[in-house]
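Keeping the supplied structure of chain A fixed, place chains B, C and D upon it in accordance with the hints.
Chains as they are written, first to last, in my numbering: chain A, 19 to 382; chain B, 19 to 382; chain C, 19 to 382; chain D, 19 to 382.
None of these hints come from the bench; they were simulated from the model. Hints may be right or wrong, so weigh each one.
You can't tell identical chains apart in this list, so a pair holds if it fits in one copy or across any two.
[Said to hold, decoys possible] With a straight-line Cα cutoff of 20 Å, these simulated DMTMM-like cross-link-like pairs (lysine to aspartate or glutamate) come out:
1. K183 to E195
2. K259 to E195
3. K212 to D256
4. K239 to D35
5. K108 to E118
6. K339 to D305
7. K153 to D173
8. K242 to D230
9. K42 to E245
Quantities reported herein were computed from a predicted structural model and do not represent experimental measurements.
Protein chains: 4
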Amino acid sequence: MKKNTTPVYYGDYLGLDKILSAQKLQSAKYASPAHDEVLFIIVHQVYELWFKQILHELASIIEAFEGEQVSDEALSTCVHRLNRIIKIQKILNDQISVMETMTPQEFLSFRDYLVPASGFQSIQFKMLEIKLGLKSKYRIDFDKQSFYQRLEEEDRSFLQDLETKPSLFELVESWLERMPLMEFEDFNFWQHYKDATQTMLKSDREIIEDNDTLSDTEKRKELKELENTEAAFAALLDKDKYSLVMESGDFRLNQRALLAALFIHQYSEEPVFNLPFQFLTCLTEIDENMTIWRYRHAMMVQRMLGTKIGTGGSSGHEYLKKTTESNRIFKDFFNMSTFLLAKDCLPSLPVNVKKMLGFSLSSI
Amino acid sequence: MKKNTTPVYYGDYLGLDKILSAQKLQSAKYASPAHDEVLFIIVHQVYELWFKQILHELASIIEAFEGEQVSDEALSTCVHRLNRIIKIQKILNDQISVMETMTPQEFLSFRDYLVPASGFQSIQFKMLEIKLGLKSKYRIDFDKQSFYQRLEEEDRSFLQDLETKPSLFELVESWLERMPLMEFEDFNFWQHYKDATQTMLKSDREIIEDNDTLSDTEKRKELKELENTEAAFAALLDKDKYSLVMESGDFRLNQRALLAALFIHQYSEEPVFNLPFQFLTCLTEIDENMTIWRYRHAMMVQRMLGTKIGTGGSSGHEYLKKTTESNRIFKDFFNMSTFLLAKDCLPSLPVNVKKMLGFSLSSI
Amino acid sequence: MKKNTTPVYYGDYLGLDKILSAQKLQSAKYASPAHDEVLFIIVHQVYELWFKQILHELASIIEAFEGEQVSDEALSTCVHRLNRIIKIQKILNDQISVMETMTPQEFLSFRDYLVPASGFQSIQFKMLEIKLGLKSKYRIDFDKQSFYQRLEEEDRSFLQDLETKPSLFELVESWLERMPLMEFEDFNFWQHYKDATQTMLKSDREIIEDNDTLSDTEKRKELKELENTEAAFAALLDKDKYSLVMESGDFRLNQRALLAALFIHQYSEEPVFNLPFQFLTCLTEIDENMTIWRYRHAMMVQRMLGTKIGTGGSSGHEYLKKTTESNRIFKDFFNMSTFLLAKDCLPSLPVNVKKMLGFSLSSI
Amino acid sequence: MKKNTTPVYYGDYLGLDKILSAQKLQSAKYASPAHDEVLFIIVHQVYELWFKQILHELASIIEAFEGEQVSDEALSTCVHRLNRIIKIQKILNDQISVMETMTPQEFLSFRDYLVPASGFQSIQFKMLEIKLGLKSKYRIDFDKQSFYQRLEEEDRSFLQDLETKPSLFELVESWLERMPLMEFEDFNFWQHYKDATQTMLKSDREIIEDNDTLSDTEKRKELKELENTEAAFAALLDKDKYSLVMESGDFRLNQRALLAALFIHQYSEEPVFNLPFQFLTCLTEIDENMTIWRYRHAMMVQRMLGTKIGTGGSSGHEYLKKTTESNRIFKDFFNMSTFLLAKDCLPSLPVNVKKMLGFSLSSI
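The following block holds chain A by itself, in its conformation from the complex (with noise of 0.2 Å):
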């Protein structure tokens, strides 16, 4: 390894005078500075600098997955980068307790010199959002709308752009259709599955039937869920069933991608399973990152306007409720538990089967 040939000094390295030069109070031009802007300009910074880092881990693994496959050593580092993210997620939804330190008088005192800028045209989120899946078609109608219409042109066009690459979802969805790993010769995994999940819930009816702490209506509410939750049972392992319910928007991923991944989860402690488990269970928690941090960010924007409007000249905080379910793009992980089924209404795998899901080495 080459040493550099020029000394390096800590504040030219992270171009500091850069960083620390690029906060420029509005109110400085029209008032005298408010104290707490630079607050605000200062968090956002931070914000968009951690959207940088994961942008950088994000491009790595959407590139790792564009390959014709995905290698073991692959695999490792994507999961390594994705709890990377998941650690710098954790720091976004705790310093919006900094941002919280703001009260809304102080606020006030420079938020009608900030118009029309909102936190709607961070090209950076947006860019996250895309990447990671949610393109325009999965997005609520108003978010639609206003999506491209606060940007300017060049933005505009940079992340229309980026709507036709294909997504971290698209390559994971492509993924897990390729896994050789559903059918075995004198193995059939899914009838098994079908029988056991059919005394599941006539078990979860009786519980429901015995409850005598629910009340007539209770009850019938409940039955009429679990039919909802046999209908999708049914649905799993029938093709045209399953277009229907994707369709309704209950599925995202497509049928053999969905039970590749249902697969993973079942038998998940089979060392051949254990990264892809890891991988999956990242992306729910990135997913799931992200919803808390909608919500919060959803609460904050409240306690700070009320109802006024924001100075994107929006409520904003009404609008980043609504995303806050519907902007969910690894759902379908997250809801996966609703088709598992207990360790022990599991078949065993045969001998075969499980040697070839083993590592060459035997254990030590």
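Relative to chain A, chains B, C and D alone:
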């Protein structure tokens, strides 16, 4: 201070014989013990211990507010204890991450043995809600019903009795009503306020109308919302209109109390308002933390069960998400910013008023 | 309030062109870009942004304390801003976990290109230390030396100039000295105090002597420590002894200031002391958080480098651990509990004194 | 899966009658109940519940490692459970902030009634230390002595018995020793390694010598440290030198185990090493979190008591700080980076070796 006469031993003092022997696995009664049921039990026991601590602090605060007046020393103690509750809530929210280390499949290994136990049966959590101010009349219909029917008779009547006692919400409302600070001779604050809000609303209207990044539809939508805000302002200082809004549920505090709270927020830097402002801010945060807890809890339940029914025979996460927003107690403080004016729109307080709000001793 | 005349765009407002283009990899100059160097740069940039924010708050607090007196409004604002610093410090401490997602091997892939840059060259961190009160004379020898020699001339003279300006520590010391509250007619608090401490120390001696779980060696050790405590108490009210202890470095505040701080702690529930007590508690927490940061930072460096040298050519973690304890600024507040008496050992304040410490307005 | 035959009620299931009645105030026996003693008790009870959970996980991991070999499924489960311990530790560290809401004065209101109880008497904490690997021989002298003498006879003999059983440290050491992966035909990894380290150390020496920001004294100091590092490297591959270093306490793992751990760290991205690497990383983090806990705990005790003696009759914080560094169990993993080589200094693994380290199934 006397000393103890019998030496104290750590384990005895903490009752560890009781605490550490209270983990009885249901799975062990019917099958081999499920490893993860221990986690399930201990997490819930930790929650209940913290609930006990929160209730202990809450009881002392309620007691302080039940008297005819709240001394400054008492208020100082209350703020200190509310801050403790807030720190505990942070832990309650963070420790969801521990429960989330249990995979859905691990949960399935003992779920069926717990029927029909349910977190809805936590008496301490219900006590907490009721004591804060979430009495039956404020609950959504489904919650009203199911609230009591899952409980054993003794618990039910205990809680129903608690509903008849003054909640912290009610006591704080009375305390705010007693504030003598709203009108002074020669200084009609509320007239100033009225004029200033007219100006602000007019300016907000212009912001919307001049915002070219909004489509016509969006503009109409924003203007409609502005009208709602204008109506809210109009109701603020008009007894009859206020009553109507209160009936709709948009205000929970009565008019006099809300105005007092607003005044405290507007002049929070006056020494006499420092503690009251901290007190109201604590209540706002407690409400916010409880809402975050409800939301994260709902997510955790969804991740664990998907659309499967819970042990109590209902799909918990749907219910939990419904109550996230509806069960907010101090939302008037949370929405207070709707009515706040920027500092430079506020009239300066006359010298005699300012003096009245300060200390006897001058500052050093 | 005027509005802005030129519309603001999110990315321009935040200077994102500068912020997001300031990640120049050293590795890219000499080899293929090291994936993890981006993390290394961004984490440090985020730290520097937060440092800027902390320095911004600190500057406003120092300004408030530079005047002849600190009004209650000003003190209230200072407490608010110190609390903000505390929240930021929590984030600074937590985000070490993000840096720790970089494995030692990943760090090795670009470490050699950074020579001789070092975190010791962070001007803002040094500013923070000096402004809080860590001037050269308080630094340990190694730190004194290396402090300046790694810096470029301009930075060095900037910091040396800063050393000549009053630090927050010095300003707070003066403010405490000005407190008029220590002696009142007809009420000699310090005589009461002296008597009460005698009783307490006698009781502590008995606790040790009667403790049968201690070995003789341990008992001797404990009694020796008690003698130190007795000596500290003796020094507290004796000018000459106090000076000696101060020279030894065990006290940093002068006697008058320390006694004022002690009085505030003893009667913290009196309205007039409420804010001063919060203020001193904030300083204590800031010091504690900085100490935790130093400790965790040292651990992280050790984990990353083992006993390898750092990029600055020194094994950072040894040095960092040394400064963890020595570089504490407000340790007198941290050790305050040594001198605190239990409430029931304290004399009640006479009515006239109590009245003087309250508000003009009676409580409601 | 059978269902339960007797319906389960939340409070009964969790043993809440025992849990919530186990808060017996000592202050109430001798004076009026101290409000904050409830917090003191509950915080400790929560700690003990979490300790129980950690011990439960630890027991299952120890059991898995006691067998003749550790299957990959078992290792996967162990990693999962270590990650759970890590999450719990985060909570343990964070909840110190709850205890810190108790002011020193509040603590003084009941401290004297607790004599001579002490946190040193927590049997579960001692179990945790011993089971992880902190047996008596590794404790510092003071800790060795005081460890047992404060305990009742039954507890003492229970722990002394535990010392005779294999700790996790010992079991992991054996497991690493069994690793067959260090030498392959036609591939002498350790010769490569030796050569590469020579180059690295030479380069480090140049970095120091060329660093003009260091004074002569500093340079000498750094070169002295480099010599220590060189000696450590020399010891690594030399049985006799290794033994000497081990006696000095700088290594705790035996040579073969340390080399195996080093190999795992160097090639962590190979599929077969993925889980072992995660496993060792978890142990490193558990050790780090425990160290942070010790440090923060010591700070908290200092803040609460200053130099006053604790209830157990000793000034806890001095002792606690001493054990912070000395009581580290897996410090060899923590210091592993000393011996790590950058990826580009490592020899590529031969194809046949690489194949052996992969899965039977090719990647998808």
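Taking the hints in turn, this is what the structure says about them:
Only within a single protomer do K183 and E195 lie at most 20 Å apart by alpha-carbon distance; the minimum there is 19 Å, versus 49 Å between protomers. Proximity of K259 and E195 under a CA criterion of 20 Å is satisfied intra-copy only: 19 Å inside one chain copy versus 55 Å between copies. Proximity of K212 to D256 under the C-alpha cut-off of 20 Å is restricted to the intra-copy arrangement: shortest distance 11 Å within a copy versus 60 Å between copies. Within a single copy, K239 and D35 get their C-alpha atoms no closer than 63 Å, and across copies no closer than 33 Å, so neither meets the 20 Å cut-off.
Taking the shortest Cα distances, K108 and E118 sit within 20 Å of each other both inside one copy (16 Å) and across copies (14 Å). For the identical chains of this complex, K339 and D305 are neighbours both inside a copy (15 Å) and across copies (17 Å), given an alpha-carbon limit of 20 Å. In this homomeric assembly, K153 and D173 come within 20 Å of each other (Cα to Cα) only inside a single copy, at 16 Å, whereas the closest approach across copies is 48 Å. In this assembly of identical chains, the alpha carbons of K242 and D230 lie at most 20 Å apart only when taken from the same copy (17 Å versus 48 Å across copies).
Within a single copy, K42 and E245 get their C-alpha atoms no closer than 58 Å, and across copies no closer than 34 Å, so neither meets the 20 Å cut-off.
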